[in-house]
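A.B. asks: Once you have looked at the hints, place chain B on chain A.
Going line by line, the protein sequences match chains A and B.
Residue numbering for the first sequence follows this note's numbering, starting at -4 and increasing by one per position.
Residue numbering for the second sequence follows this note's numbering, starting at 3 and increasing by one per position.
Take the hints with a grain of salt, since some may be wrong.
[Claimed, not checked] Listed next, with one range per pair, are the computed distances between beta-carbon atoms:
{"hint": "1", "chain 1": "A", "residue 1": "Lys463", "chain 2": "B", "residue 2": "Glu74", "range": "49 to 57 Å"}
{"hint": "2", "chain 1": "B", "residue 1": "Gly55", "chain 2": "A", "residue 2": "Glu80", "range": "36 to 44 Å"}
{"hint": "3", "chain 1": "B", "residue 1": "Glu74", "chain 2": "A", "residue 2": "Glu161", "range": "54 to 62 Å"}
{"hint": "4", "chain 1": "B", "residue 1": "Pro12", "chain 2": "A", "residue 2": "Asp126", "range": "54 to 62 Å"}
[What the hints assert, rightly or not] Pairs of lysine to any residue, SDA-like flavour, derived with a Cα cap of 20 Å:
{"hint": "5", "chain 1": "B", "residue 1": "Lys53", "chain 2": "A", "residue 2": "Met721"}
{"hint": "6", "chain 1": "A", "residue 1": "Lys716", "chain 2": "B", "residue 2": "Ile4"}
{"hint": "7", "chain 1": "A", "residue 1": "Lys181", "chain 2": "A", "residue 2": "Met198"}
{"hint": "8", "chain 1": "A", "residue 1": "Lys792", "chain 2": "B", "residue 2": "Arg126"}
{"hint": "9", "chain 1": "B", "residue 1": "Lys133", "chain 2": "A", "residue 2": "Asp710"}
{"hint": "10", "chain 1": "A", "residue 1": "Lys716", "chain 2": "B", "residue 2": "Lys77"}
{"hint": "11", "chain 1": "A", "residue 1": "Lys401", "chain 2": "A", "residue 2": "Asp491"}
{"hint": "12", "chain 1": "B", "residue 1": "Lys77", "chain 2": "B", "residue 2": "Leu38"}
{"hint": "13", "chain 1": "A", "residue 1": "Lys716", "chain 2": "B", "residue 2": "Gly80"}
{"hint": "14", "chain 1": "A", "residue 1": "Lys131", "chain 2": "B", "residue 2": "Gly80"}
{"hint": "15", "chain 1": "A", "residue 1": "Lys716", "chain 2": "B", "residue 2": "Thr131"}
To be clear, the hints were calculated from the coordinates, so they are not data collected in a lab.
We put the CB at the ideal spot given by N, CA and C, even for glycine.
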Amino acid sequence: MSATAETVQDRKAALKGLGTSRKRVEDARFTQGKGNYVDDIKLPDMLFGDFVRSQHAHARVISIDTSAAMALPGVVAVLTAADLEPLNLHWMPTLAGDKQMVLADGKVLFQGQEVAFVIAEDRYIAADAVDLVQVKYEELPVLVDPFKAELPDAPILREDIADAKEGAHGARRHPNHIFTWEQGDKPGTEAILSEAPVVAEEMVYYHRTHPCPMETCGSVASMDKVNGKLTLWGTFQAPHVVRTVASLLSGIAEHNIRVVSPDIGGGFGNKVGVYPGYVCSIVASIVTGKPVKWVEDRMENLSSTAFARDYWMNGKIAATEDGKILGLWCHTTADHGAFDACADPTKYPAGFMNICTGSYDIPTAYLAVDGIYTNKAPGGVAYRCSFRVTEAAYFIERMIEVLAIKLNMDAAELRAKNFIRKEQFPYQSALGWEYDSGDYHTAWNKALEAVGYKELREEQAKQVEEFKAGNTRKLMGIGLCHFTEIVGAGPVKNCDILGMGMFDSCEIRIHPTGSALARLGTISQGQGHATTFAQILATEIGISADDITIEEGDTDTAPYGLGTYGSRSTPVAGAATAMAGRKIRAKAQMIAAYLLEVHDNDIEWEVDRFVVKGAPERFKTMKEIAFASYTQAIPGVEPGLEAVSYYDPPNMTYPFGAYICVMDIDVDTGVSDVRKFYALDDCGTRINPMIIEGQVHGGLTEALAIAMGQEIAYDELGNIKTGTLMDFFIPTSWETPNYQTDFTETPSPHHPIGAKGVGESPNVGGVPAFSNAINDAFRAFGLTHTHMPHDHWRVWKTANKLGLHG
Amino acid sequence: MILTEEVQIPLDRQSVFEALNDLEILKKSIPGCEELTQVSERELEALVVVKFGPMKASFNSNVEIDPSQGPELFKLSGSGDAGVAGFANGGADVNLAENPDGTTALTYTVNIDISGKLAQVGGRLIEGTSKRLAKKFFSNFEEALLEKHA
Chain A
-4 MSATAETVQD
6 RKAALKGLGT
16 SRKRVEDARF
26 TQGKGNYVDD
36 IKLPDMLFGD
46 FVRSQHAHAR
56 VISIDTSAAM
66 ALPGVVAVLT
76 AADLEPLNLH
86 WMPTLAGDKQ
96 MVLADGKVLF
106 QGQEVAFVIA
116 EDRYIAADAV
126 DLVQVKYEEL
136 PVLVDPFKAE
146 LPDAPILRED
156 IADAKEGAHG
166 ARRHPNHIFT
176 WEQGDKPGTE
186 AILSEAPVVA
196 EEMVYYHRTH
206 PCPMETCGSV
216 ASMDKVNGKL
226 TLWGTFQAPH
236 VVRTVASLLS
246 GIAEHNIRVV
256 SPDIGGGFGN
266 KVGVYPGYVC
276 SIVASIVTGK
286 PVKWVEDRME
296 NLSSTAFARD
306 YWMNGKIAAT
316 EDGKILGLWC
326 HTTADHGAFD
336 ACADPTKYPA
346 GFMNICTGSY
356 DIPTAYLAVD
366 GIYTNKAPGG
376 VAYRCSFRVT
386 EAAYFIERMI
396 EVLAIKLNMD
406 AAELRAKNFI
416 RKEQFPYQSA
426 LGWEYDSGDY
436 HTAWNKALEA
446 VGYKELREEQ
456 AKQVEEFKAG
466 NTRKLMGIGL
476 CHFTEIVGAG
486 PVKNCDILGM
496 GMFDSCEIRI
506 HPTGSALARL
516 GTISQGQGHA
526 TTFAQILATE
536 IGISADDITI
546 EEGDTDTAPY
556 GLGTYGSRST
566 PVAGAATAMA
576 GRKIRAKAQM
586 IAAYLLEVHD
596 NDIEWEVDRF
606 VVKGAPERFK
616 TMKEIAFASY
626 TQAIPGVEPG
636 LEAVSYYDPP
646 NMTYPFGAYI
656 CVMDIDVDTG
666 VSDVRKFYAL
676 DDCGTRINPM
686 IIEGQVHGGL
696 TEALAIAMGQ
706 EIAYDELGNI
716 KTGTLMDFFI
726 PTSWETPNYQ
736 TDFTETPSPH
746 HPIGAKGVGE
756 SPNVGGVPAF
766 SNAINDAFRA
776 FGLTHTHMPH
786 DHWRVWKTAN
796 KLGLHG
Chain B
3 MILTEEVQIP
13 LDRQSVFEAL
23 NDLEILKKSI
33 PGCEELTQVS
43 ERELEALVVV
53 KFGPMKASFN
63 SNVEIDPSQG
73 PELFKLSGSG
83 DAGVAGFANG
93 GADVNLAENP
103 DGTTALTYTV
113 NIDISGKLAQ
123 VGGRLIEGTS
133 KRLAKKFFSN
143 FEEALLEKHA
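Only chain A is shown next, with the shape it has when bound in the complex (with noise of 0.2 Å):
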């Protein structure tokens, strides 16, 4: 008996499926430098492309002058607006409807923009070229302040659609301004902030920042005359759509367009669009008939392709004199640089912004997001975040925080009393969501207790009176954060890029002798596919994770997905895994009925074989069944065992997450010290608890950045001051603090095997647990709210300017 029952739990193990810290399969070759990145792909005769860039934020572009360029020996071409305009592709279309320069086509409208692309023999040579171009401006005058973009006097950016009274989101009210998006109920939401006994406000500016993965992007493209087709390798997230793209953008035919995303150092958001670089690569491979490789340097990728975040949200919220929220209000100005590139659904122009109630159970809600065109460049992508999530959780757990101490109220009760209740779920939003399910109570006294909350404070309040009394020049801040996530883009009905619906793809394959191959339509930045994909795989089909290889990236053999971002790889492509397994042992247990003599409902499945029920030591093991399907003919069922499954979830899911920073603050120098940092997550069903740690562990240092001091800031020229990692801020290991990490588990009701999603919550919780320790260590002193980035001189200057410094 207990030999049979320690089998089971023998084989389960073996399985290496679900809720093991699998070691990652990929790293066998990472940490050997054995990774194939895109700039390490060599083909014959390959040219190298370069740009030349606008130094200029806003100008006419008089004449472009290549001769020199073109004398230069090894120099093969230099394309400009003029010679991509016959192919019509001069412009491109943007992921969010508009359009965008590929070259600079009479105007350049940030820095940085492309505006003619040499091709020579090797990169010296083209980066050599880039500098004998000439190239003749006259300045414009410069509009970085979206809220000076409808004055009078700003100057009108985009005169391509001057005129245009409709963008792709709705009415446009001036040149400069893209669109109004508006959710919620406004009347019912006024007529509350009107009403309530308590009403707090503030602007809260969600910085400018950039993902910066550790590889830049970059393509090799590689037209074949001769057969017609083209093989585009790149640093895409998505490289299905990809394909699509490069196919009505080009006219080549779809099946004669490969499309593979090799290995990817990172992505975090900055892979998914379309870029320039891109299109000239296949221009610059069409017209030379030779591969042409561009990859950007460190300057080129934060100061051109894809920023994240740039809100201005004004908030508004209205409560009870005990804490009761009644109502939430936020006007967004979104500054979305010089073309509106933004990667999110067709539907949202601002991401998953209107998730801004958060945690919290608010009956009555409005949102209106203003984009807005600066000279500033492109990009608007969801930095480790699914559309606009981490700016909306950064929101409303400022507006909480600002709520409190309006009420003169502690937080952390403030929250517990509004949080949506267990018992709530599924619970309608008032801002259009349905939340698939949660249990903020249980993982929020979790987390306080852990840290031990109560101390904290009396500790914090003893320290503000050794302050007060000269006995320290140090402040400690707490920073809370209960954040709710929404991931998983998503059902096809709602969410869509580009008219592709968002769903997903897995494709496996069993072999004869039991190992199995598997598809999928996403593609791994880090995130460790290979190795979790086959753990879901494992546990479904009993066979062992070791057994199976995960491949994606390749158009010409994955099937058709929309890629990985916005923590949809496991909600979707997981979910699909998962079915696409079950399709399999379905089929198996047909096989197996045969196999074993009996009925097909007289079997069932335990860990990885058919057994017949009330006789144990009757069983097929999959590995037998695998062979047989292959060897044996079985009436009435088809030789091989393979399937494909297109999962469109039914709904979002719903990660969440209690976060506790303990902050020491110098007050004379402004130096913060991470003393603590508590991380509570709750993803649902947890496949790989290691790589969940992982995870959390990179996204909490990714948000350690954000809020201390990471940021794309321009100068009132329009100059990037932050294009070089001298002023970017990317922490090492000396200023990145130890995270304690922990967990709840919630499953999702709606996926196959319950899991959520986590790669990106430690970003979208941890920038408002940073920034709320900050602000909280100065609550004492009468600070209500101060912008991010918290870096040493801003911290100083908030306490001088609050009268600390004597």
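C.D. replies: Relative to the frame of chain A, chain B by itself:
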């Protein structure tokens, strides 16, 4: 960016003012000036090489001078193009006041905007470098002037 400073020059105001219009003295004064040519009465062309930290930039500059309010005020404005390295726009007002002892108090207000890659990479270096260059200009100027009047 606006830079202001006062320099004392032990010469009379008219001599100082004349020197500001003297191409040879100007050439010796402008740090990194490799060429300076007069295009018309009020227009100059200059090639100036400037180092901002790790970056070296050659500015092809057009400068317009305005001595019409002399000898109290000497104005200049101009722009410099350093190609891929960036560009500069700006101007300067040089006020000359007579001291009771007959020497001259020179006050300059330089207004300069640097853009392009220089601003991106050298952002944190620009103010310091510009201040240093402005100081250097006027110390060179004083030196050249005194040499001439020695």
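A.B. asks: Would you mind marking each hint as holding or not holding in the structure?
C.D. replies: Against the structure, the hints come out as follows:
1. A:Lys463 with B:Glu74: 49 to 57 Å: Hint holds: Cβ distance 56 Å, inside 49 to 57 Å.
2. B:Gly55 with A:Glu80: 36 to 44 Å: holds, 40 Å
3. B:Glu74 with A:Glu161: 54 to 62 Å: Because 58 Å falls inside the window, the suggested range holds.
4. B:Pro12 with A:Asp126: 54 to 62 Å: For proline 12 (chain B) and aspartate 126 (chain A) the Cβ distance comes to about 46 Å; the hint is violated.
5. B:Lys53 with A:Met721: holds, 18 Å
6. A:Lys716 with B:Ile4: Judged against 20 Å, a Cα distance of about 18 Å means the pair holds.
7. A:Lys181 with A:Met198: holds, 19 Å
8. A:Lys792 with B:Arg126: OK: lysine 792 (chain A) and arginine 126 (chain B) at ~19 Å, within 20 Å.
9. B:Lys133 with A:Asp710: Judged against 20 Å, a Cα distance of about 19 Å means the pair holds.
10. A:Lys716 with B:Lys77: violated, 30 Å
11. A:Lys401 with A:Asp491: violated, 41 Å
12. B:Lys77 with B:Leu38: holds, 18 Å
13. A:Lys716 with B:Gly80: Violated. Lysine 716 (chain A) to glycine 80 (chain B) sits at ~23 Å, over the 20 Å cutoff.
14. A:Lys131 with B:Gly80: holds, 17 Å
15. A:Lys716 with B:Thr131: Holds: lysine 716 (chain A) and threonine 131 (chain B) sit about 16 Å apart, inside 20 Å.
In this structure, the hints that do not hold are numbers 4, 10, 11, 13, in rising order.
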